[in-house]
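Following the hints, put chain C in place on chain L, whose structure we already have.
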Amino acid sequence: MFNTLSKICFLLMIIITSPRLLAESSPAVILHIEVPFVELHSGPSEGYPVVHVIEKDEDVIVLVKRTSWLKVKDKRGIEGWFHEDDLLGLSQYGKALKQGDDFQQNFKNRDVEGGVMYGDLEGANFYNVYLGYAFTPVFSAEVSMGKALGNISDSNLYEVMLISQPMPDWLVTPYIGIGGGIIDTKPHSVLADSESRQSTLMSAAAGIKYHIARNFLIRAEYKLSLALTDRDKNEEIHTWKIGFSVFF
Amino acid sequence: MENRFQRIFLTPFIAASTLLLAALPCSNSANAAEEEVDRQVQVKADVERRQIFDDLLDSENFEVGLQGGMISIEDFESSGWLGAHIGYHITENFYLKARYGQAKGGETSFEKLVNSAPLLTDEQRELTYYGLNIGYNLLPGEIFFSKDLVFNSIFSIELGAGSTEFAGDEQFTVNVTANYRVFINDWVAWDIGMSDYIFDTQVTGESKTTHNLNFVTGISIYF
Chain L
1 MFNTLSKICF LLMIIITSPR LLAESSPAVI LHIEVPFVEL HSGPSEGYPV VHVIEKDEDV
61 IVLVKRTSWL KVKDKRGIEG WFHEDDLLGL SQYGKALKQG DDFQQNFKNR DVEGGVMYGD
121 LEGANFYNVY LGYAFTPVFS AEVSMGKALG NISDSNLYEV MLISQPMPDW LVTPYIGIGG
181 GIIDTKPHSV LADSESRQST LMSAAAGIKY HIARNFLIRA EYKLSLALTD RDKNEEIHTW
241 KIGFSVFF
Chain C
1001 MENRFQRIFL TPFIAASTLL LAALPCSNSA NAAEEEVDRQ VQVKADVERR QIFDDLLDSE
1061 NFEVGLQGGM ISIEDFESSG WLGAHIGYHI TENFYLKARY GQAKGGETSF EKLVNSAPLL
1121 TDEQRELTYY GLNIGYNLLP GEIFFSKDLV FNSIFSIELG AGSTEFAGDE QFTVNVTANY
1181 RVFINDWVAW DIGMSDYIFD TQVTGESKTT HNLNFVTGIS IYF
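Which chain is which? The protein sequence lines are L and C, in order. Quick note: the first sequence uses our numbering, first residue 1, plus one each step. Quick note: the second sequence uses our numbering, first residue 1001, plus one each step.
One or more hints might be untrue.
[Claimed, not checked] A few chain L residues that face chain C, going by a derived Cβ cut-off under 8 Å, partial list only:
1. Ser42
2. Pro44
3. Ser45
4. Val62
5. Arg66
6. Trp69
7. Lys71
8. Leu97
9. His211
10. Arg214
11. Val246
[Claimed, not checked] Think about it this way: if two alpha-carbon atoms lie no more than 20 Å apart in a straight line, the pair counts; the simulated SDA-like pairs of lysine to any residue are:
12. L/Lys147 <-> C/Lys1147
13. L/Lys73 <-> C/Ile1184
14. L/Lys147 <-> C/Thr1201
15. L/Lys147 <-> C/Ala1098
16. L/Lys186 <-> C/Thr1201
17. C/Lys1147 <-> L/Val51
18. L/Lys56 <-> C/Arg1049
19. L/Lys147 <-> C/Ile1198
20. L/Lys186 <-> L/Arg197
21. L/Lys73 <-> C/Glu1060
22. L/Lys73 <-> C/Gly1168
23. L/Lys98 <-> C/Thr1177
24. L/Lys147 <-> C/Tyr1100
25. L/Lys73 <-> C/Leu1056
What the hints contain is simulated information worked out from the structure, not anything from laboratory work. Note that the coordinates shown come from a computational prediction; the quantities given were computed from them, not determined experimentally. Glycine included, each C-beta is placed from N, C-alpha and C at the ideal position.
Chain L on its own, in the form it takes in the complex:
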């Protein structure tokens, strides 16, 4: 036990003290200040105090970017963070700069999207993770893995869906989807008949997505699934859920 701990400590020491190898390999990004001054905060947030000011015609090297904030260093070794909106007052090799990524455009042209959702599946607590890929701004496919934790039984759901969002330009984009998968239901062990059963699912879903910030969106969905059982009657499953996801 002590041996493992000391090994972990040793590894952590190496990680902390070693220079960043990956970061140093890419060429430096050097920017030129065009406005009278740019304020540098001590950390990557509006809440951190302004600790330095860099003046017009100075050059700075970009060290790190975290969310929308850039950390720069000038020739005197002064370091600090500014928001990417300030890039409008800077230039690179004599060319004026844009203020960072155009996320509205990126939202429309996103390829990969992954997220989590939480909601209600026939009275049980339901949550799932999903990963989607957009072939065009209108058509996408996604796989999802979900779990429903209820009073009587727990279920695992695995599904594949095809999704169409006919209005990708709208602020709130509606979508519809169809899909299929399996549901694996396991009654809680305290009940007498505790045999788990597996059924095929056929689903139709409708929902909305809202691009809230950067590469982040909120999503809400209603899904009607049909569980194809061995019994006389197929089971209808209604799922309501809300969640958020990140796209790249």
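Below, chain C without anything else, positioned relative to chain L:
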């Protein structure tokens, strides 16, 4: 008589007004030309802007962390806790954190007092939690260790949901977390956290909601 007066007074007037009318469209087009020049000047001021290529920048929005600490499992004593997380920083204010943790429950007071068969098997006493939190950076700040040593810090609150496996059952779990990080440098942070894991359990017969308080400390690395 009348005709002569007309000729004297009206003819120059008509001539002048004709001239004026002819001149008006002319001055109008002169104005338009000026405006056109103005517009061209404005267009010139709107310079073409370029994008810094994001792949040239070292974007550090991800975070991994390891923590150790303790958890007080309601009815089952306090025990050691080992946890890990992966985080993604969405904006300067919000982040997501996938979290995993495990502990092993002790004995209930009942089991100790009454010499009876144990309530749970050893395997059932293993507690594992996994889930996802969304965090909000509430209080950014700086701490001063000494005159020359200043570190950035941040206090965040998190709300999350997930699943706890304990006592041979899997339960939906909500957690409320207060998290404090001190940045040793740009990419290593000392992490202190306090969480309350809330879930239902049926171990003692009837279903009841339990609060399981958890204190952890560890290291987070940003990449």
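Do the hints match the structure? See the list:
1. Annotation: interface hint on L/Ser42 holds; nearest CB of chain C at approximately 6 Å, less than 8 Å.
2. For L/Pro44, the shortest C-beta to C-beta distance to chain C is roughly 6 Å, which falls under 8 Å, so the interface hint holds.
3. The restraint placing L/Ser45 at the interface with chain C holds, with a minimum CB-CB distance near 4 Å, inside the 8 Å limit.
4. Checking L/Val62 against chain C by beta carbon gives a least distance of about 6 Å; that is within 8 Å, so the hint holds.
5. Residue-level restraint check for L/Arg66 holds (minimum Cβ-Cβ distance to chain C is 5 Å; threshold 8 Å).
6. Among the interface hints, the one on L/Trp69 holds; its C-beta lies about 6 Å from the nearest C-beta in chain C, closer than the 8 Å criterion.
7. Interface restraint check for L/Lys71: the shortest CB-CB distance to chain C comes to about 7 Å, inside 8 Å, so the restraint holds.
8. Because the smallest distance between the Cβ of L/Leu97 and any Cβ of chain C comes to about 6 Å, under 8 Å, the interface hint for this residue holds.
9. A cut of 8 Å between beta carbons decides the hint on L/His211: the least distance to chain C is about 12 Å, and the hint is violated.
10. Taken as an interface hint, L/Arg214 checks out: its beta carbon lies about 6 Å from the nearest beta carbon of chain C, inside 8 Å.
11. For L/Val246, the interface hint holds, since its Cβ comes within 8 Å of a Cβ in chain C; the closest pair sits about 6 Å apart.
12. Simply put, L/Lys147 and C/Lys1147 have alpha-carbon atoms about 52 Å apart, too far for the 20 Å limit, and the pair is violated.
13. A distance of roughly 18 Å separates the Cα atoms of L/Lys73 and C/Ile1184; the hinted pair therefore holds under the 20 Å criterion.
14. Proposed proximity of L/Lys147 and C/Thr1201 is supported: the alpha carbons are some 18 Å apart, at most 20 Å.
15. A threshold of 20 Å between alpha carbons decides the hint, and for L/Lys147 with C/Ala1098 the separation of about 16 Å falls inside it, so the pair holds.
16. Taking the CA atoms of L/Lys186 and C/Thr1201, the gap is about 18 Å. The hint holds against a cut of 20 Å.
17. At most 20 Å may separate the alpha-carbon atoms for a hinted pair to count; C/Lys1147 and L/Val51 meet this at roughly 16 Å.
18. As the CA atoms of L/Lys56 and C/Arg1049 are separated by approximately 19 Å, the hinted pair is consistent with the 20 Å bound.
19. Distance hint between L/Lys147 and C/Ile1198 is fulfilled; the C-alpha atoms sit about 18 Å from each other, no more than 20 Å.
20. Note on L/Lys186 and L/Arg197: the hinted pairing holds, with a Cα-Cα distance of about 7 Å set against a maximum of 20 Å.
21. For the suggested pair L/Lys73 and C/Glu1060, the alpha carbons sit about 17 Å apart, so the restraint of at most 20 Å is met.
22. A distance of roughly 55 Å separates the Cα atoms of L/Lys73 and C/Gly1168; the hinted pair therefore is violated under the 20 Å criterion.
23. At most 20 Å may separate the alpha-carbon atoms for a hinted pair to count; L/Lys98 and C/Thr1177 exceed this at roughly 38 Å.
24. The hinted pair formed by L/Lys147 and C/Tyr1100 meets the criterion: a straight-line CA distance of about 16 Å does not exceed 20 Å.
25. Taking the CA atoms of L/Lys73 and C/Leu1056, the gap is near 16 Å; set against the 20 Å cutoff, the hint holds.
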